[in-house]
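Work out the full structure: start from the sequences and follow the hints.
Number of protein chains: 2
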Amino acid sequence: MKALVFKKVRAPIAYEEVPKPESKKGQVLVALKAAAMNHREVWMTKGLYPRLKSEVIMGADGAGLVDKRAVVINPNVNWGDNPGHFSLAYSILGMPTNGTFAEYIVVDEDKVVDKPEHLTFEQAAALPLAGLTAYRVLMNKCKLKAGEKVLISGIGGGVALFAFQFALAAGAEVYVSSSSDEKIQKAIALGAKGGANYQEEKWHKNLGRQVGGFNVIIDSAAGDGLGKLASLAAMGGRIGIYGGTRGAINNLSPQMIFWKQLEIYGSTMGNDEEFSDMVDFVDQHKIVPVVDSVFELSDGNLAFKRMSEGLQFGKIVLRI
Amino acid sequence: MKALVFKKVRAPIAYEEVPKPESKKGQVLVALKAAAMNHREVWMTKGLYPRLKSEVIMGADGAGLVDKRAVVINPNVNWGDNPGHFSLAYSILGMPTNGTFAEYIVVDEDKVVDKPEHLTFEQAAALPLAGLTAYRVLMNKCKLKAGEKVLISGIGGGVALFAFQFALAAGAEVYVSSSSDEKIQKAIALGAKGGANYQEEKWHKNLGRQVGGFNVIIDSAAGDGLGKLASLAAMGGRIGIYGGTRGAINNLSPQMIFWKQLEIYGSTMGNDEEFSDMVDFVDQHKIVPVVDSVFELSDGNLAFKRMSEGLQFGKIVLRI
Numbered sequence: 001m002k003a004l005v006f007k008k009v010r011a012p013i014a015y016e017e018v019p020k021p022e023s024k025k026g027q028v029l030v031a032l033k034a035a036a037m038n039h040r041e042v043w044m045t046k047g048l049y050p051r052l053k054s055e056v057i058m059g060a061d062g063a064g065l066v067d068k069r070a071v072v073i074n075p076n077v078n079w080g081d082n083p084g085h086f087s088l089a090y091s092i093l094g095m096p097t098n099g100t101f102a103e104y105i106v107v108d109e110d111k112v113v114d115k116p117e118h119l120t121f122e123q124a125a126a127l128p129l130a131g132l133t134a135y136r137v138l139m140n141k142c143k144l145k146a147g148e149k150v151l152i153s154g155i156g157g158g159v160a161l162f163a164f165q166f167a168l169a170a171g172a173e174v175y176v177s178s179s180s181d182e183k184i185q186k187a188i189a190l191g192a193k194g195g196a197n198y199q200e201e202k203w204h205k206n207l208g209r210q211v212g213g214f215n216v217i218i219d220s221a222a223g224d225g226l227g228k229l230a231s232l233a234a235m236g237g238r239i240g241i242y243g244g245t246r247g248a249i250n251n252l253s254p255q256m257i258f259w260k261q262l263e264i265y266g267s268t269m270g271n272d273e274e275f276s277d278m279v280d281f282v283d284q285h286k287i288v289p290v291v292d293s294v295f296e297l298s299d300g301n302l303a304f305k306r307m308s309e310g311l312q313f314g315k316i317v318l319r320i
Numbered sequence: 001m002k003a004l005v006f007k008k009v010r011a012p013i014a015y016e017e018v019p020k021p022e023s024k025k026g027q028v029l030v031a032l033k034a035a036a037m038n039h040r041e042v043w044m045t046k047g048l049y050p051r052l053k054s055e056v057i058m059g060a061d062g063a064g065l066v067d068k069r070a071v072v073i074n075p076n077v078n079w080g081d082n083p084g085h086f087s088l089a090y091s092i093l094g095m096p097t098n099g100t101f102a103e104y105i106v107v108d109e110d111k112v113v114d115k116p117e118h119l120t121f122e123q124a125a126a127l128p129l130a131g132l133t134a135y136r137v138l139m140n141k142c143k144l145k146a147g148e149k150v151l152i153s154g155i156g157g158g159v160a161l162f163a164f165q166f167a168l169a170a171g172a173e174v175y176v177s178s179s180s181d182e183k184i185q186k187a188i189a190l191g192a193k194g195g196a197n198y199q200e201e202k203w204h205k206n207l208g209r210q211v212g213g214f215n216v217i218i219d220s221a222a223g224d225g226l227g228k229l230a231s232l233a234a235m236g237g238r239i240g241i242y243g244g245t246r247g248a249i250n251n252l253s254p255q256m257i258f259w260k261q262l263e264i265y266g267s268t269m270g271n272d273e274e275f276s277d278m279v280d281f282v283d284q285h286k287i288v289p290v291v292d293s294v295f296e297l298s299d300g301n302l303a304f305k306r307m308s309e310g311l312q313f314g315k316i317v318l319r320i
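The listed protein sequences derive, respectively, from chains A and B. Note that the numbering used here gives residue 274 to position 274 of the first sequence, counting from 1, and the numbers run on in steps of one. Note that the numbering used here gives residue 317 to position 317 of the second sequence, counting from 1, and the numbers run on in steps of one.
One or more hints might be untrue.
Same chains, same names: a pair is fine if it fits in one copy or spans any two.
Listed below are the simulated DSS-like cross-link pairs for lysine-lysine, each with C-alpha atoms no more than 25 angstroms apart in a straight line [claimed, not checked]: (1) Lys33 to Lys111; (2) Lys111 to Lys260; (3) Lys260 to Lys53; (4) Lys2 to Lys143; (5) Lys305 to Lys8; (6) Lys260 to Lys143; (7) Lys286 to Lys145.
Since the hints were derived computationally from the structure, they do not count as laboratory data. As the structure is a computational prediction, the values presented were derived from the model and not from experiment.
Right, here's the structure in full:
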């Protein structure tokens, strides 16, 4: 079968022929119809991912057929017994075990769930890792309630967009931030109540005056900006952090944290139950993932280029 | 009656004759037997406290008699309807309303609870504000469970010592940190499993090797040290922040926060229900507050001096 294979750091991904896997007892063979990219695959090519192994088929996200059953794949490998955090044995499909950028994959039979009928394979393949991360941090960590005010920073990324769509579906009033006015306008077209460009001076003060305090803030930048986000939180606000692209948190006022009784939750991925709950939530609310672009599997390196440029609004999908 | 009255910033507290208050319907007159100091009174004298008003009787903590009933006073004024955070109308006895450093105080009748019988008035007076803050952050925010490993930073302060005693009573394995070896030894004598002097280089690495990760960390320093505390947290660890004596949080890794799925809770004071729960907990576990020293009310300025030097281990109490 054909697959996109990780060779080594700072080298192109190889589109090549590899052996078709075979399922054992308790496993299923999925004929993949679509897969989707995450930032982790770009980090792998830059050497910024743990336990890198060459000759591994990349990709965490996939949807396809088990015989005639249409499924979405749960990318968790060995989450473990504690729903609160993953075990030491945990990993995600696509490193160090083979992933979804291939014609076939074998996974444990409890790792596939029915594809929501309202989604195409390409839309369904966009769900797994980003949807799971967004669902856990927004719904189970920050415990979003209907009617609350939510700020999603860095709109356009996969997790940010799912958090945005899930918050809307949950009945929240959702605002976004971005360095791109175009992305903010796209989010407003999708239902955002407003947005702010964080490259503008005093953006947070203007947004704070407009909104009057957010109950929930979802961020993956951290860095110097987290203090500004905290200043935008309402009393009793919850901040979910699922990334740290801007590096170490600096200049964050502890007085603001304890005075406003803020809660800050670190969260990444989610457990198997959260995966099922997330797909059910998508099905129930007929949420359609935002797909930025679709590439053929053989054009994998073009998809990697698109992802590393950071211009996407939604998920980058591979058609298989 | 005699009272300790706030006059102005950077001036001595006045011990002087003031009118005895009178209770209205729904209020009680408490004949105070003892009061206790908190850092906030020192901050007032330095001008570092909001809404300062001169001619106010200071003091949040007190115990005394309502007729023949021995009571402890809940220092909350107008917490409000939301148990999650206080209302805009919230304050604490002793600024801007009159406090406990006096022979008498009038409070709403629902703001007194029975003094635990195993405590003297001086011990009971040590409980309110520090006990309430410690109880909320440790039990209701960080949700400490029996058998967990806990680190209390800055042992010796009122809140830190109550958090320490409550954690022990709840069946946790408790460690402490301090800049003073003497305070660490005192904590070990009281039941701490171990401790570390944070002025030593690599103290956190040594403590981490010894303990292997804390489930709960209670801190009031913040600053550059919070990142070291976070590095000591176990997977799924909870960090409670109730102060920020070292200023802004810097150099805190977001990757550590989301990878370990940490939860950071800002917390200060507590609601009225938490106050009752705290006094019940103290009663049930027969906890005896650590009293550093007892001064006569007329020696109030000596008590302030002791507090501002930071040498105390436990609460500084005023006998009335």
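Right, here's what the structure says about each hint:
When the C-alpha separation of Lys33 and Lys111 is checked against a cutoff of 25 angstroms, the pair qualifies only within one copy, where the shortest distance is 17 angstroms, while the shortest distance between copies is 66 angstroms. Taking CA atoms no more than 25 angstroms apart as the test, Lys111 paired with Lys260 passes between copies only; the shortest distance there is 24 angstroms, against 41 angstroms inside one copy. Taking the shortest alpha-carbon separations for Lys260 and Lys53, only the inter-copy value of 23 angstroms comes in at or below 25 angstroms, while the best intra-copy value is 45 angstroms. In this assembly of identical chains, the alpha carbons of Lys2 and Lys143 never lie at most 25 angstroms apart, being 42 angstroms within a copy and 50 angstroms across copies at closest.
Taking the closest pair of Cα atoms, Lys305 and Lys8 come within 25 angstroms of each other only inside a single copy of the chain (16 angstroms); across copies the shortest separation is 65 angstroms, beyond that limit. With identical chains, the CA atoms of Lys260 and Lys143 are at most 25 angstroms apart both within one copy (17 angstroms) and between copies (19 angstroms). In this homomeric assembly, Lys286 and Lys145 come within 25 angstroms of each other (Cα to Cα) only inside a single copy, at 19 angstroms, whereas the closest approach across copies is 40 angstroms.
When each numbered hint is compared with the structure, a violation occurs for hint 4 only.
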